[in-house]
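Visitor: Since the structure of chain A is provided, determine the placement of chain B on it from the hints.
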Amino acid sequence: MKILIKGGRVIDPSQQIDREADLLIEDGRVASLLEDPHGDDFRSDGAEVIDATGLIVAPGFIDLHVHLREPGEEYKETIASGAAAAVAGGFTSICAMPNTKPVNDNASVTRFIIDKAREARLARVYPVGAITRESKGEELAEMAEMKDAGAVAVSDDGRPVMDSQVMRHAMEYARDHGLVVVDHCQDLHLAAGGVMNEGRYSTLLGLKGMSRAAEDSHVARDIMLAELTGARIHIAHISTVGSVEMVRRAKKQGTAVTCEVTPHHLALTDAAVVGFDTNTKMSPPLRSEEDRTALMEGVRDGTIDAIATDHAPHHLDEKMLEYDLAPSGVVGLETALGLTLTVLRHSGNVSLSRIIEMLTIGAARAFSLPGGTLAVGSPADIALIDPGREWTVEPQRFKSKSRNTPFAGWKLRGQVVETLVDGRRMIRDE
Amino acid sequence: MPFNRKDLLGIRELSVEEINTILDTAESFKEVSARAIKKVPALRGKTVINLFFEASTRTRTSFEIAAKRLSADAVNISASGSSVSKGESLVDTAQNLQAMAPDAIVIRHPSPGVPHQLARMVSASIINGGDGAHEHPTQALLDAFTIREHKGRIAGLQVAIVGDIMHSRVARSNAHLLTRLGAHVRIGGPRTLIPIGYDKLIENSEGSLTVCDHIDEAIAGSDVVMMLRIQRERMTDAFFPSLKEYSVQYGLTLRRLELAAGDCIVMHPGPINRGIEISSEVVDSARSLILDQVTNGVAVRMAILFLLIGTEGQ
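Protein sequences, first through last, are from chains A and B.
Sequential numbering from 1 applies to the first sequence in my numbering.
Sequential numbering from 1001 applies to the second sequence in my numbering.
For reference, chain A alone in the conformation it holds in the complex:
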């Protein structure tokens, strides 16, 4: 079984490749990069041909941060619908946060997620286990068993571990078992009751703000604990000037810290909350323009390792509430590429290969995941991108079960037209 992706521009930052070439897939793996795109290489004889003229051929994207809601809240999303949204957005691997009901704090939940993902046969789903039992921040969860069952990292996402001693022990223990500790950095006392960024707009709108200090102080603590324990940490959805600066400094000092940014924090600021659209409510909240600028700089200088969507589906009924009562979060898998290309490439002048790096090998390295590369012999997880195609975000067309996006009606430039997982064609351009 051979597939030839013909005539595309292959961008694979893991091998510093950016050139026109044909990509040959054999038995679900990358077989070779044919350097003579106009010749007829015998190796591609009998292959199914995908015409990639004008397209970018990239490794399939890896999203370090999604909420799949199953088990427990299948009305928002299931593992299958989330994985379908993933491949629609070019993501061939997604990391499922543990805040399901029940919490993924033991191997049986981890195995359940993996089984469901296997049944769906869409994107690869890597479970992230909880740091503490029920993510209550008190006792450690059975990290080693979860790892054996397939968990790739640990996190109490959304319910950050406030007790620094518990966090210290979590890091030490996770280090023993080769797990990255992922933290949603927020001092819950300092941010208590907050529903948006604290600043001019929260003052204007009379909504309770979450100060940047609530994120910064927690990032500072985690970096210090990482230095103390030698653990590998990953700062989830970084959103402030201060966090970017601290991660930058820690990396210079050789601390094992990585971080991710969401497309929505790159595309929007808290000015978007004016009008009280609950689809602008997320945690961490949309920040100020100053923060957005710092995130762009972090993207440019390599401080930020990965783009992660923090895909957080919520039912329409739940979002149709008062702003301060509506749940936090937005879906992101199906708009990530369009937004990042529009904001980073077309407006921010960031190179294509840097953007693809953050979506692929940058993410893979942060959690030591396989994939994110088109190296010969790797599984053929591939995204085909039309970088110039303009399209309008229509939430009713999402594969995700949920529609909670602040980008409805946005005109974006750049779209995924085909995704392959293990050489299987997942979506086709219609």
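Worth flagging that the hints you see were computed from the coordinates, not collected in a lab.
No experiment lies behind these values; they were computed from the predicted model shown.
Here a beta-carbon is modelled for each residue, glycine too, at the ideal position from N, C-alpha and C.
There's no promise every hint is true.
Claimed, not checked - Some chain B residues close to chain A (C-beta under 10 Å, calculated; not the full set):
{"id": "1", "residue": "K1068"}
{"id": "2", "residue": "S1089"}
{"id": "3", "residue": "G1113"}
{"id": "4", "residue": "E1135"}
{"id": "5", "residue": "T1192"}
{"id": "6", "residue": "I1196"}
Guide: Okay, now just chain B, sitting in the frame of chain A:
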């Protein structure tokens, strides 16, 4: 001057011309309340629903009287608690009300932005009767009306707003309105109750907005001192140590009032806490316009209803 809005959601969106139209219209309605028969047929056949999700006596009654003096039918709905605790969502409340074809809905709600959300869902005119700590436009308009009545102008006046600025929709709406009309507003109160960036709140303004380090600085030389209610529960949230300390440090006494201009007027949106944010002597002094504010509230709300749903106003 025409007034072409479906809703009155906040002061921030209003132009100077629109504000003046409301104030001028209110002036012509004030006389109605002084008549023996306090009624004009301007809104006959119109229905106004007062939908209050928070306890209120003054504002709700004021709107009800305003509607009735214009011959509209006024209906009061008190819904305690939020839509979540009541089990009905905002959209369903909106659709049910819409089904009864009201012309205007006055809404008060503890969550900022609910009037704006509602305005997108129904065709009736929405009047914001106070949304959380966001805006309370009719209060600011009646305050401006009262100031104008007593001072003859707003431009150039020094106005101190003192107290719990953070949780006050009255302070926000007044900051927008008074500065837009050219007043210089000074903010005073405990730092714990003044949100970050408050001095950057205003836009398109002739006047200015300053946050003072001490309330005496805010009051010194003021033509108007507006005191805000302090709520008991702020104490347990560690905003200040005790009501006793608050009243000494941040309360308005006759002595402190001596810092203000000789003809300074004192205002308070009510309900007042005598002896806490304002001393009884100040409340009962000739400088206090607290009851004038209440009287003017009816006229201002008549003007707003008329401009939004009156046939001539459209």
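Visitor: Now, for every hint given, state plainly whether the structure supports it.
Guide: Right, here's what the structure says about each hint:
no. : hint  : verdict
1   : K1068 : 30 Å, violated
2   : S1089 : 6 Å, holds
3   : G1113 : 3 Å, holds
4   : E1135 : 7 Å, holds
5   : T1192 : 13 Å, violated
6   : I1196 : 6 Å, holds
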